[in-house]
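2 protein chains.
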Amino acid sequence: MSERKEFHELVPPERAHEAIASLDLGGETEQVPLQAARGRVLAERIDADIDVPGFDRATMDGYAVRARDTFGADEADPANLELVGAVHAGEEPAVVVEPGTAAEISTGAVMPDGADAVVMVERTDERDGTVAVRTSLAPGDNVMLAGTDVAAGERALGPGTELTAREIGLLSALGRATVPVRERPTVGIISTGDELVRPGGDLDSAAGQIYDVNSYTIAAAVEEAGGEADLYPHAGDDYDEMERILVRAADECDLVLSSGSTSASAVDVIYRVVEQRGELLLHGVAVKPGKPMLIGRLDGSAYVGLPGYPVSALTIFRAFVAPAIREAAGLPEPRTATVRGSMAVEERYDEGRLRLMPVGLVEDGDGGTLVYPVDKGSGATTSLVEADGIVAVDPDTAYLAAGEDVEVRLFSSEVRPPTLFGVGEDDPALSRLLDRVERPRYLGVGSREGVRRLRNGVPDVAVTTAGDPGIDAVDLGGWAREWGLVVPAGNPDDVTGLADLVDRDLRLINRGTDSGLRRSLDDAFAALADERGTGRRDLTDAVDGYDLTVKAHESPARKVAAGSADAGLGLRTTAVKLDLGFVPVGEEAVRVLANPDRADKPGVEGLRRAIETGDDVFGALAGISR
Amino acid sequence: MSERKEFHELVPPERAHEAIASLDLGGETEQVPLQAARGRVLAERIDADIDVPGFDRATMDGYAVRARDTFGADEADPANLELVGAVHAGEEPAVVVEPGTAAEISTGAVMPDGADAVVMVERTDERDGTVAVRTSLAPGDNVMLAGTDVAAGERALGPGTELTAREIGLLSALGRATVPVRERPTVGIISTGDELVRPGGDLDSAAGQIYDVNSYTIAAAVEEAGGEADLYPHAGDDYDEMERILVRAADECDLVLSSGSTSASAVDVIYRVVEQRGELLLHGVAVKPGKPMLIGRLDGSAYVGLPGYPVSALTIFRAFVAPAIREAAGLPEPRTATVRGSMAVEERYDEGRLRLMPVGLVEDGDGGTLVYPVDKGSGATTSLVEADGIVAVDPDTAYLAAGEDVEVRLFSSEVRPPTLFGVGEDDPALSRLLDRVERPRYLGVGSREGVRRLRNGVPDVAVTTAGDPGIDAVDLGGWAREWGLVVPAGNPDDVTGLADLVDRDLRLINRGTDSGLRRSLDDAFAALADERGTGRRDLTDAVDGYDLTVKAHESPARKVAAGSADAGLGLRTTAVKLDLGFVPVGEEAVRVLANPDRADKPGVEGLRRAIETGDDVFGALAGISR
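Chains A and B are the protein sequences, given in the same order. Per our numbering, the first sequence starts with residue 1, numbered consecutively. Per our numbering, the second sequence starts with residue 1, numbered consecutively.
Don't read these hints as lab results, they were simulated from the structure. Backbone N, C-alpha and C fix where the C-beta goes; we use that ideal spot for every residue, glycine too. Hints should not be assumed to be uniformly reliable.
Residues of chain B placed beyond 10 Å of chain A at every Cβ, according to the derived structure [to be verified]:
#1 D204
#2 P332
#3 G352
#4 D493
Simulated restraints, written as ranges between beta carbons of each label pair [unchecked claim]:
#5 R15(A) / T613(B): 29 to 35 Å
#6 E14(A) / D435(B): 26 to 32 Å
#7 E44(A) / G512(B): 24 to 30 Å
#8 P12(B) / S136(A): 32 to 38 Å
#9 T130(A) / E351(B): 48 to 54 Å
#10 G367(B) / V197(A): 33 to 39 Å
#11 D24(B) / D468(A): 21 to 27 Å
#12 S625(B) / S136(A): 46 to 52 Å
#13 P139(A) / D202(B): 42 to 48 Å
One chain only, chain A, in its complex shape (with noise of 0.2 Å):
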């Protein structure tokens, strides 16, 4: 095996958000068009330069008069005065108004020379040139005098302002065409590892090629946080080819973020290169995840070498890159949103270091949030978004009790927990009746974990097809659908059934015993065995195949499609989306089960209205019945 560099030495935290607040992530000001402003954080203070209003303003359609002219009038004995002239909105008066005359005026027209009040046309009546005026006016009357919303000289806008549509308006009212702002810290974003594929690209699996995750992720981060990103080409595992990427990226960007590899190869190179061309500050934080994390200097730049696994870049992203980025840009740390909840079940860990622990949260039926850990490690990208928030556990907790109560931070103060949270059986109808609630999250465990985990009381509802599962629940409806074996086109082995399976060279990919589809096919099996007198396993035995199991409903369907295999336990809908053959077998009834506690959740009573509203999308599916 190649050398490799252990980290030894786990530094505290601490350690690593002061090496990071040590870096230099620019921060410069520059000058933006006020249409490109918002969002954007001053740079300096703004001072008002001219006056607003920049001439004395009347604020009501009427006349402009000499208030002095008006002393004493009233509606039985109102002042008439001789009209001389009209100002409107936009134009320079051409009129002045001497004492006992009055000009028509707009609102937001200059008031012209002689006169300090407008009297609101509603108290006037103007006949023969003359008006006359049904109250008394005090000078300034329905008049904005100039300077008098904002004067030049003032203190208009602070350092360190958010530019909202508010600011945009006073700065607008200003004249400014331009604005100073704090540049946002560019970031080199530079993936791994000679496995990884830009998205869109063509995948080689056989080859363990992966699409590219960390890169796209970690920039949306990095704009989030108020970044710029850019992503730069894969660099391999060669010393050179990263040396002059890595160097490219000093040389372009504030930061440079490397992520994306878990090979231990691509990160030793990234460390040569690092302590040969710039200096590490530190390496391996007493973090879970993130031990692997990196800090230094490139070339006059900051470096942060990220965790390969998704999950763990994000988070470690999040927990120590994103803030100093906000700090480069000015802006303030988002007012992240905790919440208290009770953890669901219970939870070890006992490394000794500071945990942040990605969590699913979910209302119970008292409107209490209970908290369950979402972690399904070896870099599962679905994690990402089957987490809504983080519970950091302290390096000297190593259990927390089921019932406990924690402290979640949110991903930002805009998560909302799903309405709905099911697990169990993996269907295509449900896929759809799902698209009709709002924010449901789903996970397809399988009908028995399904049932599982509604009997321990975390999730909302369990989808299943295993039958009556003994358990207090309410029945929110189901649909049935028609199961049996996927093969290829044409069926060209002629297959008629299960016995084939049995009796003849037929290799099988199957499900696991979690799904309800296997149960249906082990019953299928037991009966054919009582047929046979025999027992059920004497027949599965001969099955070539039977142990081979894959994930979710479509995948062994799939794997006939690829040729990898004669028949694929499956579903009717399946074998006619993917154009293949099907021989059915049975049919199965899909129920969804809520927790009673739960039944009134808006989220479930939406799922229990769709699957009532749902004749649609079972006629859609050919094989799947109401």
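Guided by the hints, dock chain B onto chain A, whose structure is given.
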């Protein structure tokens, strides 16, 4: 006067919401590149069409083995396997693991045929082509099976999902280079009125021109709501021009918003165009502000006319139009924060329609929130930034008592009330010191009004030059400033002091009676009157322009610079800044006084510290000293 539309029948606000909801604002589907998908909303369900991972993947660095070969192995009795090759991430295995053999494998690499488990390198010893495995493995150990993360056919993300970093991560993993998202409604913004000039353009104040505030404010608010704003050229009050621009905008956009003019003639023209080219659904809503709102259709697009004053336009936009834009863009209502607080002052209002009252917030000494109305009326743009949110006052509520509990809807969930709310004298050193406080709010209402408000308990601090105000307050510190008469450069009239204003034919520009400068001036006139054995009023009556007052500390000097006066009341520092002459009269002490209950507030403490350490500020300003 021209004919004017009167809105005699105001419809209730719910009718306006219904009318806007009946309009079609687009919301079709478009494909965007993954890099541009952040913040967008999925238009369709995304089912996985590949397995992730696409192959059985090693999750550890170590050796790929057949688990059966390790059964019973432990530290004392390792299983010795023949090393037959290596598999690295991103390459197709060139080796088959037969019974009794092992292959070196990297994290992320494809499991070679024959192998069903990975032993981590730490539990092995390799020597002379033999790997000693010091532990027993089960099939699947340290292997992530193909499709375990997401399997082809599984539901990955539902329609309506807002795309943040984590959803973008999942889409990357699925290899999606483009994403179907809801179109952003396009919103054409037309500002009307002959008097408007775009920011950056030359302003002819004498002709009543003002900068266009609404276009930029509303454009920013449209984008905050998830729409795409397009600014159209100004339309004057001419029917044909207005028709041409409105029709073009209707042709190009989903929604046309007009705003900008307060002039009745512009409103009349729009009204006629919409009536003749489209359909007016309603005009006049019983809400303050916003009475003259128009809602209709124009050549197949939606049309809304907003009131002319910026605060009114933004308030009505937020209350009525933004929700419709979000709905069309598929965005959820933002988690609008609401805050409860108590009215700091009483407020009367008796117009019998819903009032959306802009308010500012200030934290009192006990951590409670005080709420004060911010409504300068008359189109003041500063009200935009002086408010933190809205209190909706029912049509039948005519009076809110001081201390009454109200609910404030913040402008966004990220709004944070200022850490410091100050009022009082306008001062150049203060402007700079405030830059060192986080999120301060300061209203330059003058010394007298500032002290009055501090006494009433609303602000945290008052800044005054008026000496001891005789109220209970904590003195945070202060400085001195030299004041006098600002005269044209070179002092062409040889002004030597106040006596010249009385005795010679010189025109003065004064400050208002709330200003501390004015008080100092009046004190100096009183001293001069004493000297001459006469009354102060006798002297000031002889001063041309004594009653000509302007708003801020630089304003008189700027009038002098503009040639409209011979002398202005002001500061030495202003004269130096504007390259004008200066005739010193005296020095006044500026004191910063805090509400004694709030001296410990972070913002108050921050200002105290800024004064204490502000020698660089005082030193940089002529005529200012500690």
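| query | Which hints from the list above does the structure break, by number from lowest to highest? | reply | 1, 2, 9, 10, 11, 13
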